[in-house]
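Chains E, G, L and P, in that order, are what the protein sequence lines are. Heads up, the first sequence stops at 275 in full-length UniProt numbering, and the numbers go up one at a time, no gaps. Heads up, the second sequence stops at 275 in full-length UniProt numbering, and the numbers go up one at a time, no gaps. Heads up, the third sequence stops at 275 in full-length UniProt numbering, and the numbers go up one at a time, no gaps. Heads up, the fourth sequence stops at 275 in full-length UniProt numbering, and the numbers go up one at a time, no gaps.
Rather than coming from a laboratory, the hints here were simulated on the basis of the structure. Be aware that one or more of the hints could be misleading.
As the list claims (entries may be wrong) - Straight line, CA to CA, 27 Å or less: simulated BS3-like cross-link-like pairs of lysine-lysine:
| # | chain 1 | residue 1 | chain 2 | residue 2 |
| --- | --- | --- | --- | --- |
| 1 | E | K260 | G | K21 |
| 2 | G | K260 | P | K232 |
| 3 | L | K260 | G | K260 |
| 4 | L | K124 | P | K260 |
| 5 | P | K260 | G | K232 |
| 6 | L | K232 | G | K159 |
| 7 | E | K260 | P | K124 |
| 8 | P | K260 | L | K260 |
| 9 | G | K124 | E | K33 |
| 10 | L | K260 | P | K33 |
| 11 | P | K21 | P | K77 |
| 12 | E | K260 | L | K232 |
| 13 | P | K124 | P | K260 |
| 14 | L | K105 | L | K33 |
| 15 | L | K33 | E | K124 |
4 protein chains.
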Amino acid sequence: MQTLDSSVSAMSDRPLTIAGKTFNSRLMTGTGKYPSLEVMQRSIAASGCEIVTVAVRRVQTQAPGHEGLAEAIDWGKIWMLPNTAGCQTAEEAIRVARLGREMAKLLGQEDNNFVKLEVIPDPKYLLPDPIGTLQAAEQLVKEGFAVLPYINADPLLAKHLEEAGCVTVMPLGSPIGSGQGLRNAANIQIIIENSGIPVVVDAGIGAPSEATLAMEMGADALLINSAIALAKNPVAMAQAMGLATQAGRLAHLSGRIPAKAYATASSPLTGLINV
Amino acid sequence: MQTLDSSVSAMSDRPLTIAGKTFNSRLMTGTGKYPSLEVMQRSIAASGCEIVTVAVRRVQTQAPGHEGLAEAIDWGKIWMLPNTAGCQTAEEAIRVARLGREMAKLLGQEDNNFVKLEVIPDPKYLLPDPIGTLQAAEQLVKEGFAVLPYINADPLLAKHLEEAGCVTVMPLGSPIGSGQGLRNAANIQIIIENSGIPVVVDAGIGAPSEATLAMEMGADALLINSAIALAKNPVAMAQAMGLATQAGRLAHLSGRIPAKAYATASSPLTGLINV
Amino acid sequence: MQTLDSSVSAMSDRPLTIAGKTFNSRLMTGTGKYPSLEVMQRSIAASGCEIVTVAVRRVQTQAPGHEGLAEAIDWGKIWMLPNTAGCQTAEEAIRVARLGREMAKLLGQEDNNFVKLEVIPDPKYLLPDPIGTLQAAEQLVKEGFAVLPYINADPLLAKHLEEAGCVTVMPLGSPIGSGQGLRNAANIQIIIENSGIPVVVDAGIGAPSEATLAMEMGADALLINSAIALAKNPVAMAQAMGLATQAGRLAHLSGRIPAKAYATASSPLTGLINV
Amino acid sequence: MQTLDSSVSAMSDRPLTIAGKTFNSRLMTGTGKYPSLEVMQRSIAASGCEIVTVAVRRVQTQAPGHEGLAEAIDWGKIWMLPNTAGCQTAEEAIRVARLGREMAKLLGQEDNNFVKLEVIPDPKYLLPDPIGTLQAAEQLVKEGFAVLPYINADPLLAKHLEEAGCVTVMPLGSPIGSGQGLRNAANIQIIIENSGIPVVVDAGIGAPSEATLAMEMGADALLINSAIALAKNPVAMAQAMGLATQAGRLAHLSGRIPAKAYATASSPLTGLINV
């Protein structure tokens, strides 16, 4: 495993900052779909992530198989990102966000006002409702939340949410859990170019190459859950996603070569010896 | 920077083996196009590579600006891969391969019979000649070389070269230096599925995401030069390519999720609390 | 030029029906950017289209170079689709829609209540505002308009607009005039699968292959302007787009073969003669 | 159905010329895999094609279900392109080519020396052997054949075949019958740019959009069989492919707009009325 060359460190990448809080890792993960809590714990560690999102409604119920999920994570090290998965309307999402804040406090994160806002009326594609999401965001911002809304990759909606006081936007690459990669890359690129707040690509990333690509495009961070938890070897895939995120971020800062229509010799043809 | 989780190490990836020689890194780099020898040295180190290809004809001439290139690399640590860049016919390539073997011996690698075989009649696209490449490969194998031929991604040609005794095949992703990525992915996939020797994707990779993708597809290794040497920050890009190669290899071994037409909730909707 | 085989006619494609009005052609065009009115006239004819969109604000002003545009089209044959291009807010768009209705009546289409609704605050990407578009649509439906809203490819927004009483949705393939093709194909596919009203792909189509692809995916119709008007030969490109639209529609109805990972012989290998 | 605008005809596209013989249609089809001879006949008519390829080995045997295939086509109107499907070596292909010439003569095409050369050792991917194909082509040219070789999209191989006297090259888009489309588009583009003989894209086209795309790229003609014969409605799909080929050719001649990173208003924003 390589170590950081001093000149690279000298590029002095700024840390990811969301609502005034800084993070070294640009990969966020989740807790759903793992074969066991133990695999979840080891995967989170292998990914190097510092933010983990938790479905408030599921954790609160201690649904069968999920007992102790919240306790299985060391919240002294990992920042909790409560999410409103399972909410179909703005009203539901607002109520669940409030429960999430309580949950974070109970688990020791007194100053955690983060909420990943999901308003998803559609059970087949799990796509977010732009209207309900904006309404809920406006209310939650008023209540002092640091709102991270999950959205379809609509640049104008992203701008509305930024103006409403959200602390990131989280456009989807493709539908949740589909593993289809960046099907909305053109719009995500426009969002990145125009955003004054961090852009976190959320949902759809199926393989590390797609994680790297999203970071190369200039995304500030990624949230990946299914592609890790449902891989044949989640722990190894978690590490692969962590490396891929770093590779993409480094590449974004390093200035890639432009693609050219024609070839250019790696070994110039001048000064050849005669043979 | 994450460290390897024990269970991942336990996957015990086999090292890359070419002609009986083993390598831990699956990224190969080159020496061309760097802004300076010092940047080249630091980039090679940052990439973590163990094999570096050298254009025999250029090194032999000590062309202006390239004095000391061969001496700038620690051949006690790095395995030399002499290449026949600049050769338009089988005959030329055979003669340059022999010179390359001498060069490796002079620089202390007595047992190095490797040659990256390039037969490139075309100066615009720098695409290899399948007929001349096969002829030269057959002759060089007879002379005891470990031949790594650079080829267009033609599965049948790859099979001919394997039958001729080559130790790898090196299909191109897209023309040399073009940075267009994997424009031949479908054929490369077929080559990988059918090859009994390592498949090294050579040429065309422009960004780490493409390196990761090639490794996810099952390539055994990559050779990347222009995308590193011509990046704005070559040292950082070299490291990014090293991380990306590792991420792709890990992902290949970890079993990625299949892409699905529809969404699947990360957070199952059963057992939701009422709010 | 082929003629329709009787069995194809027997497939008896239903005509495109929007707000109770039926059309045989599934290609709509525009009036902007043509080198001359005469080329516009011939291009419209060559395309075979039956609906032409007109920017109300531009026509009303008789801006230099555009005098007589409205009179240059035979509104006895072509159905006018007034659009609200140039409107940045819902309020502006509503006012311009009313002007458009007046314009249609003055030009002889007494019963034409159609309006292509564009609410575009952003001058760089020309992307539509989902919030303003929905607000304007709700108002215009109340006033009896047949509203065809131009939208980013957001399936939930499309559903809101359908529920608001719009008669089509017009998702964009890529930004207006960019000629980038179907950069939002995944979302457009979801919109098509879920829509109870015609889906018209609007903006971004740069070449006939992209027109064919959109129709193969099941789009009900296309609106293409820049790719025709700015082609080197607009009249020939108009015809190409007309043929491409037909080809895509026929293919959608004909049931394409699935893509397969491996090959299948066109000529089965059983029963071969010995040679 | 539109008719040709006079100015388009005035572009006076040159007909497709192969070995001195001219054709108005740029779509070639085949005879394999149809549900019945009658559907084959109607599909060939609906496609508008003037060249049909026939597998010599299959026709000669009158294999069950294929009796009368050769007699089912009006060879007074359709030019026969005998192919060597089922041949794994150069020697077999040469023998079958000679049989094909006899067959064409028996069916009334005295001056037909065309042969579609297929040398395919691999039964899974049905990919052609570059070495065997070149050998067979050289021999068949000596014997006076007009040779149309089926090849992997290798620009250097294409050049060798042109130099050997072949009358076209037929690069594959993707494996035969796979319907994967143009997976080798980058290489096909290079072949087109460098070829002095017609380039016919053969194999892999699964939908009309891909046919249009290949023609837009500048291919001189297409050969499509499986995507027509195995469609749910082969006759309608044949017509769709014919229209798509025409659309792509027209577009190639018409000069498409370049793709742009940003949007351009169809309706310029100057001269807007106040509302």
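These are the hints, each one checked on the structure:
1. E/K260 <-> G/K21: violated (35 Å)
2. G/K260 <-> P/K232: Since the Cα atoms of G/K260 and P/K232 sit roughly 25 Å apart, the hinted pair holds (cutoff 27 Å).
3. L/K260 <-> G/K260: With Cα atoms ~16 Å apart, L/K260 and G/K260 stay inside 27 Å; holds.
4. L/K124 <-> P/K260: With a Cα-Cα distance of about 12 Å, the restraint between L/K124 and P/K260 holds, given a limit of 27 Å.
5. P/K260 <-> G/K232: Holds: P/K260 and G/K232 sit about 25 Å apart, inside 27 Å.
6. L/K232 <-> G/K159: violated (46 Å)
7. E/K260 <-> P/K124: Answer violated: E/K260 to P/K124 is near 34 Å, above 27 Å.
8. P/K260 <-> L/K260: Roughly 33 Å between the alpha carbons, so the hint for P/K260 and L/K260 is violated.
9. G/K124 <-> E/K33: violated (51 Å)
10. L/K260 <-> P/K33: This hinted pair holds, its Cα atoms lying about 16 Å apart.
11. P/K21 <-> P/K77: With a Cα-Cα distance of about 14 Å, the restraint between P/K21 and P/K77 holds, given a limit of 27 Å.
12. E/K260 <-> L/K232: At roughly 25 Å apart (the allowed maximum being 27 Å), L/K232 and E/K260 satisfy the hint.
13. P/K124 <-> P/K260: The given pair, whose Cα atoms are some 41 Å apart, is violated under the 27 Å limit.
14. L/K105 <-> L/K33: With Cα atoms ~25 Å apart, L/K105 and L/K33 stay inside 27 Å; holds.
15. L/K33 <-> E/K124: violated (41 Å)
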